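Starting from the given sequences, assemble the full structure and let the hints guide the process.
If you read the protein sequences in the order shown, they are chains A and B.
Read in order, the letters of the first sequence are residues 1 to 818 in this note's numbering.
Read in order, the letters of the second sequence are residues 819 to 1086 in this note's numbering.
These are calculated hints, taken from the structure and not from any lab test.
Quick caveat, the model's predicted, so the values are computed rather than measured.
There may be inaccurate statements among the hints.
[To be verified] Here are a few chain A residues that sit away from chain B, every Cβ distance over 10 Å (derived from the structure): (1) T111; (2) A744; (3) E791.
[Claimed, not checked] What follows is a list of derived Cβ distance ranges for each label pair: (4) G974(B) / V242(A): 35 to 43 Å; (5) L354(A) / E891(B): 43 to 51 Å; (6) R214(A) / A1058(B): 34 to 42 Å; (7) G1036(B) / E209(A): 34 to 42 Å; (8) R183(A) / D841(B): 35 to 43 Å; (9) G1036(B) / N139(A): 19 to 27 Å; (10) A1058(B) / E209(A): 32 to 40 Å.
Glycine included, every Cβ here is placed at the ideal spot set by N, Cα and C.
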Amino acid sequence: MPAEPLSADRLYRRVDPAELPFRSTEEVPDLTTVIGQDRAVEALEFGIGIRQDGYNLFVHGPRASGRHALVKRFLSEKAKGEQAPADWVYVNNFAEPRKPRALRLPPGRATCLKTDVERFIDDLRAALPALFEGDDYRNRRLAIDTEFQERQEHAFQGLQEEAQRRGLALVRTPMGLAVAPVRGNEVMPPEEFQKLPETERERIQRDIEELQGRLQQTVLKLPEWERERRQRVRDLNRELTVAVVANLVGQLKAAYADLPDISQHVEAMQKDIAENVEAFLPQAEPPTPAVRPPAEAAPHHLDGRRPAPLRRYLVNVMVSSDGSLSGAPCVIEDLPTQANLVGRVEHLAEMGALVTDFALIRPGALHRANGGYLIVDSLKLLQSPMSWESLKRALRAQRIHIESAAQMLSLISTVSLEPEPIPLAVKVALIGDRQLYYLLSAYDPEFADLFKVEVDLAEDTKRTPESVKDYAQLIATIVRRNQLKPFARDAVARVVEHAARLAGDSGRITVQVGILGDLLREADYWARNGRVGAGDVERAIRAQRRRSDRIAERMQDMVLEETVMVDTDGAKVGQINGLAVYGLGNVAFGRPSRITARVRLGSGEVIDIERRVELGGPLHSKGVLILSGFLAARYAADRPLSLSATLVFEQSYSGVDGDSASSTELYALLSALSGLPIGQNFAVTGSVNQMGEVQAIGGVNEKIEGFFDLCQARGLNGRQGVLIPVANVRHLMLKPEVVEAVAAGRFRVFPIASIDQGIEVLTGVPAGTPQADDQFPPGSVNRMVQDRLNELTEQRRRFGAALRPDEAPSQPDKEARP
Amino acid sequence: MSSFSSPIRRIMVALDAHAWDLDALEQVAELALELHAELAGLFVEDINLFRLCELPGGEVSLASGSLRRPEREAMERDLRGQAEMARRTLERVAVQRRLAWSFRVTRGRTEETVLGAAGEADLVALARRHRGFRQAASHERVGRQRQAVAAHYRGGEGAKRVLDVALRAAARTGGRLLVLLPDDDPAAAGRLEAEIAAVLASSAIGFEILRFGPSVKGLAAALEQTRARLLVLEASVARAIEAVMPEVAVDLLLVREPDRQPASNSAT
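See the structure below:
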């Protein structure tokens, strides 16, 4: 059946504004459901509801599909109805400062604990100095000091007296003490000593040696006495401190008696305070153990009111619910670096060294989301070094283990903290592209175990009266949320029509709300009165296109200038206009391209020149092989296909892929074989199968408009048109200029079901169907093709026979020559 | 406080191998700042130490208890090092307060040399608090101990000057003032007490009068009993008690009698 051009009403499926039951979006209520995402919503509800390990979500869908907003909305609503999670704090581990302890508290009590402990410390700072300034302490301390001073003095005094009895004295030297003979208050001059009788000198020498020995023994006792004195002082300090601390700590213990871990920590703190009471005294030197505990290493400014030694008693709140937060947390981490995810231990440069303590532990998104939900963009996550590994590790272990990338990779060996891991119970929702989801599924064996819930967001939905009504509500919602001018119903209708165009299907509408929102905002911008009309929407659409069509316009100019050769009128053998779609960023446009075919005697090969030079992709090659199959099966089923054909996209300098030009190439080949010229007023798109049926392709609207724009620029003559697969008719949502031109009979769009239909339109000659003798009728395209192929086969046979030696004449060679 | 009839222009700080407590040195510097006086450092290399090098026996280190034979060269080197350290300390303390300062090193017996040089200055500060054997042990301060300033009072213009200086020192340290009165003659002591009360009547500093006697041994006992940090006394009195000075573990501030003018500044 010959193909007939489509009527104008088949080229664009309008939304009749009159069918919309409102005058403007002001009358339309908000959309409470999610349009076109039933499957995704079901998956989301399932993923949020199920409380089992590994049931985290991966939400994938196209960009601008509103996936972030959708997930955030669902998770936030769910989180609101849930219980607030436990608070967590890090405190000093007095036994092992390198391993700070993580303590769990009921919601909201972490901040109270921090405040209570600070108040307790402040109270101690006031009470302890007063205690140590008091007469009672001073007298007892003085007694200890005096006792030990007297012990020392007594020891030395005894030596001194013994020395005096022997005419000697203890003399202070720059480095210590010496025993020397004296005269009065002076050391005996050496010359006088030499004048003494030898026996006297020997006696003095013996006495000196003996006293020196005793002096040495005494000096060696000094450190022991000093240790003993310090211990006595410490005991005294502890005795007094314990009483004061016990009095002040009572309130603290009572307030947290219901929390055994906190009580245990308070007791450890109480014990530590008794051991380090000097830290609370003004101008006291901090204790100087061989290895400084990290808590003492940080400078004062971190907690301006408290000196560094007291930082060890502080409470570092990692996460705490406050009064304004109801329900579980729902955290969105925009910058999912490893540190931002699992937390980090900060360091400070102090005297050229990096120091840290438990108070410098900072929470990550997992801490904040613990007990609730965490939303992360998967691409950002994968782009951040070690983040993906850390997240998986945390989810697998169900614990947050703070470890820097440098530590994980053993890049640094400086001493740092090993904070006690915090138990993790979080639902993670990753958001990303489909490709990422499938790549992770294929290449990361842990992915499927940790992200068991796939939430697949659709690009579009069916266009039905109900969905159009929902779409109007969606438009109204976006308008109100963005405080845009109301959209009149003709504007809404135009937006829905454009949504169908964006979906590339007159029977579907896009649900990519990001793109929709952009259009609404831009239409609002162009609207010059209080309401947005269809004209404003149209202007916004054209302005969008205008902003992005510089390259498309330049390419068309090159054709008009005949730098690139594309005919739009006349007829040529073996030459046809194909249609290609160019995707640049967010825009796509179609442009015609000349395809030519040449045939000659050969061994049945159809050469895809694009493939030979590696400019053609696999799909294009597949199309060429299919058309070869069709050609051989239809015209040379019982004989060798004795042609060699070449196919090429003329003036194509970049890659070509897809099979949408396979029918076009076949037409060119048939023209070359039959010798029938093809009308250059046509452009063709459509793939072909081995049965000669024309199949659907993508980008049909852009392709038609691409050829239309060129013809319009050269002048429409009524003969021009595009051949498209009949299966693509439902996708047509052409721009108004095309529709108007078709309505006016100045342009045509042919729906093509088979190669025979198409070749008839292109050549104006009947294709011809096989008759009883399996021959095509004389004068038909197919007959001409068949005859030409038969002729080639015969030529080949003759040519082959002439070359075969056993069939050659028996005359000498020279006689065989012409 | 009263002002001196003849101003105090020069304060000599006697420095020897036993380093000054930095706090005490700073107190002297503050006094100099208040009185617009210059600081003159005098480091005495005790000749007794050199004699040790030529006598039998060794030096027992207080840090380690080890015994070593004192060598003259090593002793000189040690003393030079300590003199340099003392000079730097004095310089730092003086420069911080923009005080004029000088420093010189001499050799002799410490007390004798210092007392001999006392005529060159209006005040002589002599560190003695850490001279006792108790220095061998490390000292640990407990809180902010207020220690007393003692003034030896025997009446007359010189004693009033002693009282004035002691008052200033006590005011600076926030300690109390102990006035030590010789109790040789009870009637005279009573008169002196009334005199002291009259002088200190307008002072805001709390004071206490203690009688001691009957000899310089009594003074030493009183100082030990009160644990005074600083003793202010007339230089001539110091000469009289020179014999017991080694036993007195208290810093001394010797005030020149008003009728004696200091000698011109010696070379630094």
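Each hint tested on the structure:
1. T111: Per Cβ check, T111(A) is outside 10 Å of chain B; nearest 34 Å; holds.
2. A744: 101 Å, holds
3. E791: For E791(A), whose nearest Cβ neighbour in chain B is about 116 Å away, the distance exceeds 10 Å, so it holds.
4. G974(B) / V242(A): 35 to 43 Å: 56 Å, violated
5. L354(A) / E891(B): 43 to 51 Å: Holds - the Cβ-Cβ distance for L354(A) and E891(B), about 46 Å, lies within 43 to 51 Å.
6. R214(A) / A1058(B): 34 to 42 Å: Taking Cβ atoms as reference, R214(A) and A1058(B) lie about 35 Å apart, which means the hint holds.
7. G1036(B) / E209(A): 34 to 42 Å: 38 Å, holds
8. R183(A) / D841(B): 35 to 43 Å: Check passed, 36 Å falls within 35 to 43 Å.
9. G1036(B) / N139(A): 19 to 27 Å: Check passed, 26 Å falls within 19 to 27 Å.
10. A1058(B) / E209(A): 32 to 40 Å: The hinted range 32 to 40 Å holds for A1058(B) and E209(A), with Cβ atoms some 38 Å apart.
In the structure shown, a violation is registered for the earlier hint numbered 4 alone.
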